[in-house]
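Now for the letters of each chain:
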Amino acid sequence: MMADKKDYAKPGEYKPIDLLAVAAAREVRDGDVVFAGTGLPMLAIMLAQLTTAPTSVCIYEAGSIDGRPIDLPSSVGDARCVYQASLATGLTEAFFGQLHRGYVDLAFLGGAEIDKYGNVNTTVVGNYLTPSKRFTGSGGNPDINSLARRTVFVMVQEKRRFRENVDYITSPGWRLLKWPSGEWISKKDLYGKFFRGGPEAVITNMGVFRFDEEGVMYLDTVHPGFTPEQVRDNCSFDLNISRVRGETKPPTYEELELLYTKVDPAGIFLP
Amino acid sequence: MGRPKKITLKEAAALIQDGDMISFSGFTIWRRPMALVYEMIRQNKKNLHLFEVNGGTHTEVLAGAGAIRIWESCWVGHELYGKLGEAIARGQIEGSIIVEDYSHGHVVARLLAGSYGLPYMPCALSMGTDILNPEFDMLRKAGLRDGSNPKIPAMKYAIVEDPFFGMGELLLMPAANPDWALVYASQVGDEGTVRVFAQTYTDAEVIRAADKVIVIAEEIVPESYIRQEPEKNLVPGYAIDYIVELPWAAHPTGSQGYYDVDADFIRNLYAASKSQDGFNRWAEEWIFGVEGHEEYLEKIGVTRLEQLRANRVLGYSTRMKRGSR
Chain A
29 MMADKKDYAK PGEYKPIDLL AVAAAREVRD GDVVFAGTGL PMLAIMLAQL TTAPTSVCIY
89 EAGSIDGRPI DLPSSVGDAR CVYQASLATG LTEAFFGQLH RGYVDLAFLG GAEIDKYGNV
149 NTTVVGNYLT PSKRFTGSGG NPDINSLARR TVFVMVQEKR RFRENVDYIT SPGWRLLKWP
209 SGEWISKKDL YGKFFRGGPE AVITNMGVFR FDEEGVMYLD TVHPGFTPEQ VRDNCSFDLN
269 ISRVRGETKP PTYEELELLY TKVDPAGIFL P
Chain B
12 MGRPKKITLK EAAALIQDGD MISFSGFTIW RRPMALVYEM IRQNKKNLHL FEVNGGTHTE
72 VLAGAGAIRI WESCWVGHEL YGKLGEAIAR GQIEGSIIVE DYSHGHVVAR LLAGSYGLPY
132 MPCALSMGTD ILNPEFDMLR KAGLRDGSNP KIPAMKYAIV EDPFFGMGEL LLMPAANPDW
192 ALVYASQVGD EGTVRVFAQT YTDAEVIRAA DKVIVIAEEI VPESYIRQEP EKNLVPGYAI
252 DYIVELPWAA HPTGSQGYYD VDADFIRNLY AASKSQDGFN RWAEEWIFGV EGHEEYLEKI
312 GVTRLEQLRA NRVLGYSTRM KRGSR
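Chains as they are written, first to last, in the numbering used here: chain A, 29 to 299; chain B, 12 to 336.
No false leads were mixed into what you were given.
Below, computed lysine-lysine pairings styled on DSS-like, alpha-carbon distance capped at 27 angstroms:
hint: 1; chain 1: B; residue 1: K21; chain 2: B; residue 2: K57
hint: 2; chain 1: A; residue 1: K33; chain 2: A; residue 2: K43
hint: 3; chain 1: A; residue 1: K290; chain 2: A; residue 2: K34
hint: 4; chain 1: A; residue 1: K161; chain 2: B; residue 2: K152
hint: 5; chain 1: A; residue 1: K161; chain 2: A; residue 2: K206
hint: 6; chain 1: B; residue 1: K17; chain 2: B; residue 2: K223
hint: 7; chain 1: B; residue 1: K16; chain 2: B; residue 2: K162
hint: 8; chain 1: B; residue 1: K57; chain 2: B; residue 2: K16
hint: 9; chain 1: A; residue 1: K161; chain 2: B; residue 2: K285
hint: 10; chain 1: A; residue 1: K43; chain 2: B; residue 2: K94
hint: 11; chain 1: B; residue 1: K152; chain 2: A; residue 2: K206
hint: 12; chain 1: A; residue 1: K161; chain 2: A; residue 2: K187
hint: 13; chain 1: B; residue 1: K94; chain 2: A; residue 2: K290
hint: 14; chain 1: B; residue 1: K21; chain 2: B; residue 2: K162
hint: 15; chain 1: B; residue 1: K94; chain 2: A; residue 2: K187
hint: 16; chain 1: B; residue 1: K162; chain 2: B; residue 2: K152
hint: 17; chain 1: A; residue 1: K161; chain 2: B; residue 2: K57
hint: 18; chain 1: B; residue 1: K332; chain 2: A; residue 2: K290
hint: 19; chain 1: B; residue 1: K332; chain 2: A; residue 2: K43
hint: 20; chain 1: B; residue 1: K94; chain 2: A; residue 2: K161
hint: 21; chain 1: B; residue 1: K223; chain 2: B; residue 2: K243
hint: 22; chain 1: B; residue 1: K21; chain 2: B; residue 2: K223
Per label pair, the in silico range of CB-to-CB distance:
hint: 23; chain 1: A; residue 1: D261; chain 2: B; residue 2: G300; range: 50 to 58 angstroms
hint: 24; chain 1: B; residue 1: G177; chain 2: A; residue 2: E211; range: 17 to 25 angstroms
hint: 25; chain 1: A; residue 1: G210; chain 2: B; residue 2: E234; range: 54 to 62 angstroms
hint: 26; chain 1: B; residue 1: E22; chain 2: A; residue 2: G59; range: 49 to 57 angstroms
hint: 27; chain 1: B; residue 1: N322; chain 2: A; residue 2: Y36; range: 33 to 41 angstroms
hint: 28; chain 1: A; residue 1: Y36; chain 2: B; residue 2: E180; range: 41 to 49 angstroms
hint: 29; chain 1: B; residue 1: Y249; chain 2: A; residue 2: G130; range: 35 to 43 angstroms
hint: 30; chain 1: B; residue 1: Q28; chain 2: A; residue 2: D261; range: 53 to 61 angstroms
Just so you know, the hints here were simulated from the structure itself, not pulled from any lab data. Every residue, glycine too, gets a C-beta built ideally from N, C-alpha and C.
Kindly generate the complete structure, drawing on both the sequences and the hints.
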């Protein structure tokens, strides 16, 4: 019997990256103005536009506003981003005209390390003054995370990446540092009337995490094939697994078909 | 002011002095004036102060060649074709490059202030992060915020209380006014009016903020043509000091409407850049091993360039293989 397009795929019928893209796409609400970065975020917003969020729009920080690409961009500065866009502009418009002014509902971001408050490091390994490794640096990650209403991080789940404290706070979570003193403060108190929200979810290859009333990360759903305990074992901090709702819904056959035939048929990000 | 002067690539690079503060057009691996960057390295520029919204392939080539002393920015890498900026990382870790980290929005704010002739620009971006940690103000630590260099502000940023609407604390970001804007542009009128295709990135801000501007143009077109649709133009000709006309001058970065990013070329550079020896060998082949831009293009070859050439309607190449399928 033919499987229905809306049926969930079975283990082995999809790859971990497919589930990441689909789980991220499901965070988009119809009508959202979405700020997306290169890679999986592009897959997520384009899949959402084809399924549950047809009137959501996408802004790329290099300056394309509400593009409708017919070929998947390789990066946010790509010529492909501006196809049928409402505006082809620049960073001043993206960061100040759109983000700072308050148009951005949702942002997809990435990171090398994250702590239990959602603070993310994309800058260095080790002490900043004597680093052992440098990553790319902040880019727009902390700006977007400052002023978007909701942000979703897509990351690799590893013990060394889910840490009690990150080596360098590149991007602001729910509890962060007030300068010049460096004391810990809640994001709401620090941002005052500029406060609009913060990290909403973290999606990894093992599960989906959310943040409680205190801004502390907990496991919300666990991907098929993993147990909550396994996820906790892949965190350096004591992850709260008492609120797990169940398993993350796998991709549907329709979502998989769209991903491989409409969103990324050339295999830019999908294998 | 007046009309810009047309000069050669060699003359353009010779204008830039060791220690100058420079900034570039483009975004990561798009619309970077790579031919000028290569020529600056052939002319052995040193101690440059590079201020930019984000780094890319051009940054890595300059850093690999040992031309950068100060890098104020927020990001460096080659996008999908090289995930880190190896030369900047090596310079930061070894201490040969002073890295001052900001966020994208911070750097845009600094350029905006510079481009509007204001001393600073307020914003509420990236507050609460280690970017603002006073211990990590590297130009201050190096003793360079003492006023001796007019291009380096007395403070990395300031925190102020909104005096008008009680919005609370926000940041003031000091203006950036580089000595040079080094720009690659799609089209320039023969009187200097500049037009870029697709995203404008921070090209206009960089041009206005800088004291002097060199534009490397993919093509110079009649001024009468570019003035038929003035709403498509970026800056007037009197904002430009020097023009060099040089097709393919952004290679291996991409130029919307003309050619795509040369992914394989950047992947090879990235692989080489993982060690100083590797970079040196790469530079020997692609920078010092060619006499200039024409020989560089001949070495890449017509077949490769034709694969990169943009579809005239779409503005990007439809003939090159981009992914795994």
